[in-house]
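*Asks:* Take a look at the letters that make up each chain.
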Amino acid sequence: MPVKLYLSTYAYQTMIDQEQVRKVAHLARLELTPAEEVQFTTQLNDILDYFQQLSELETDTVEPTTRAIDVSNVTRRDQREPFDDREELLEAAPDREGEFFKVPQIMGGE
Amino acid sequence: MSSIRELHRQLVQKERSAVEIAQATLEQIQTLEPKVHSFLHITADRALEQAQQVDAKIAAGEEIGLLAGIPIAIKDNLCTKGIPTTCGSKILQNFVPPYESTVTQRLINAGAVMVGKTNMDEFAMGSSTESSAYQLTGNPWDLTRVPGGSSGGSAAAVAAGEVPIALGSDTGGSIRQPAAFCGVVGMKPTYGLVSRYGLVAFASSLDQIGPFGRSVEDTAIVLGAIAGHDPRDSTSLNVEIPDYASALKPDLKSRGRLRVGVIQEAFGQGLDPTVEAAVNRALEELKGLGAEVQMVSCPQFRQGVSAYYIIAPSEASANLARYDGVKYGYRSDDAPSLLSMYTKTRAQGFGAEVKRRIMIGTYALSAGYYDAYYLKAQRVRTLIKQDFETAFAQVDVLICPTSPITAFKAGEKTDDPLSMYLTDLMTIPVNLAGLPALSLPCGFDDRGLPIGIQLIGNVLQEGLLLEVAHAYEQATPWHQRSPSLKG
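Chains as they are written, first to last, in the working numbering: chain A, 1 to 110; chain B, 1 to 487.
If a hint is listed, it holds; no wrong ones were tucked in.
Derived BS3-like pairs (lysine-lysine); straight-line CA-CA distance at most 27 Å: (1) Lys102(A) with Lys344(B); (2) Lys90(B) with Lys23(A); (3) Lys102(A) with Lys90(B); (4) Lys486(B) with Lys409(B); (5) Lys344(B) with Lys23(A); (6) Lys81(B) with Lys57(B); (7) Lys327(B) with Lys344(B); (8) Lys327(B) with Lys102(A); (9) Lys81(B) with Lys102(A).
Under 8 Å between C-beta atoms, here's a sample of chain A residues computed to sit facing chain B: (10) Ile16; (11) Ala28; (12) Gln43; (13) Leu44; (14) Glu63; (15) Thr65; (16) Val71; (17) Arg76; (18) Asp85; (19) Asp95; (20) Pro104; (21) Gln105.
Since the hints were made in silico from the structure, they are not lab data. Positions of the beta carbon are idealized from the N, C-alpha and C atoms, including for glycine.
When you get a sec, could you build the whole thing from the sequences and use the hints?
*Replies:* Written out as structure tokens, the structure reads:
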């Protein structure tokens with residue numbers, strides 16, 4: 001862990017260490033280089049430390065906002081709308097076999 | 001660069017054909033691109049084809065709309081059928097959308113002539129257009145400086161006179177901040193006013209598409225063409241769209257009382273004194289136009305950055321899960337298994353800023369941290385929204401600087417993500433509350449760089465914002481200056 005002096009009003013604490021960065025990268029399906037792991041650990045700590053200013057706000061009785069302008073219960077008829085160029089969609093895939101998207105081996109191997 | 005109305009007059013009076021206008025625009029782009037680098041793709045063939053169709057209509061004696069034959073640039077995160085849409089990312093380098101976004105379809109229907117797709121921060125994540133995987137765009141007022149971002153290509157193209165109008169998208173300031181940096185008008189409409197169908201999703205609860213123009217009137221004309229209900233976007237508002245452009249008046253005399261509130265929290269720490277001075281001068285000018293100006297408080301205004309940089313990356317981490325190398329876009333070719341194909345494709349396809357935000361978002365949403373970060377940020381979002389509601393009970397329009405600083409040097413902030421994030425301090429709260437806002441030029445700093453002032457309205461008050469902005473613009477000289485593009 002790189003040691004860093006924080007000149008903020010918050011006591012220094014490590015919000016996220018390199019092991020956690022590796023774990024989060026796995027959840028996000030991102031392969032990070034060792035250099036990226038180190039860099040992201042420092043940068044994410046800076047950013048998470050900045051977020052700490054929110055903890056000064058009393059919000060226990062405040063409802064969360066998920067959307068700024070609420071339009072609820074938007075419905076439509078459950079109707080099929082076929083796309084007219086199936087071939088074009090398949091053609092855009094990095095790999096295909098006939099009318100299927102083709103991916104590397106799923107079972108075994110790791 | 002002529003206004004939309006002037007180009008329209010030339011077309012209708014047959015002084016110039018749409019093809020001639022398109023050709024002149026393409027030539028101008030060719031001359032300026034080696035300096036500015038606004039465009040990722042130039043769509044000359046399609047532009048000339050669309051222009052020919054407009055000329056055919058004119059020749060047949062048909063009436064044409066205001067946007068018919070007018071060249072426009074489109075940000076490269078709007079899907080355009082048959083034309084590459086990269087989002088400034090390597091992962092979409094080869095992506096050619098099989099469908100058209102609602103906004104570009106509406107522009108096609110209006111006869112507008114798309115001349116190209118503009119550079120942007122990768123997946124609209126950035127404030128300088130430097131996170132583009134392809135090129136750096138220069139600020140037309142000083143090519144060594146950034147145009148702002150993420151819609152930097154669109155803002156620079158309009159400022160440089162490559163096109164009269166452009167479209168961008170704004171999630172935390174991505175239209176308004178580059179408009180301020182480049183000295184043009186840029187507007188983010190109320191969330192839901194413009195359909196997001198075909199806009200590549202970044203943070204779905206915040207994203208909105210909006211126009212850039214050299215003048216408020218041109219901006220209003222484009223907004224009128226792209227706004228309106230779309231069943232393909234479930235967040236689209238089903239409301240009547242006024243004729244924004246026709247409603248503009250040369251001054252505010254017929255308006256009656258106009259109460260302007262100045263957000264006091266926007267002033268102070270971090271605000272460049274020359275920006276502050278220009279905004280204060282603009283407030284005096286508004287008083288001269290008859291506005292009543294008072295200070296108002298939005299106590300949580302400065303908490304917006306934290307709330308936003310939790311909410312937006314959280315939504316992004318979910319939205320960008322679709323880039324997995326299966327159905328379209330880039331795929332790593334050295335992966336023996338499905339899992340390694342995912343992780344390598346994403347490692348090689350995404351740039352540093354996108355990875356960083358996916359990491360923040362994944363962390364904020366992960367078990368054990370959800371309440372402390374994501375839920376907390378959503379509660380703060382409510383507080384910010386309530387601040388605006390309180391303010392709009394007292395005033396009609398809110399004002400603050402668009403950006404605390406003017407355009408910075410390329411490379412100045414790329415190593416310090418947090419300092420880059422803080423340039424969006426003034427624009428972010430508006431997205432969190434879903435409100436309409438625009439940036440318009442209000443002066444220049446001592447280096448000759450443009451300064452932008454932000455006008456914020458209550459829900460669906462686009463018409464009022466445009467009216468006030470237009471009256472201010474008519475009374476001030478700022479929009480008449482153009483960059484010399486030397487060096």
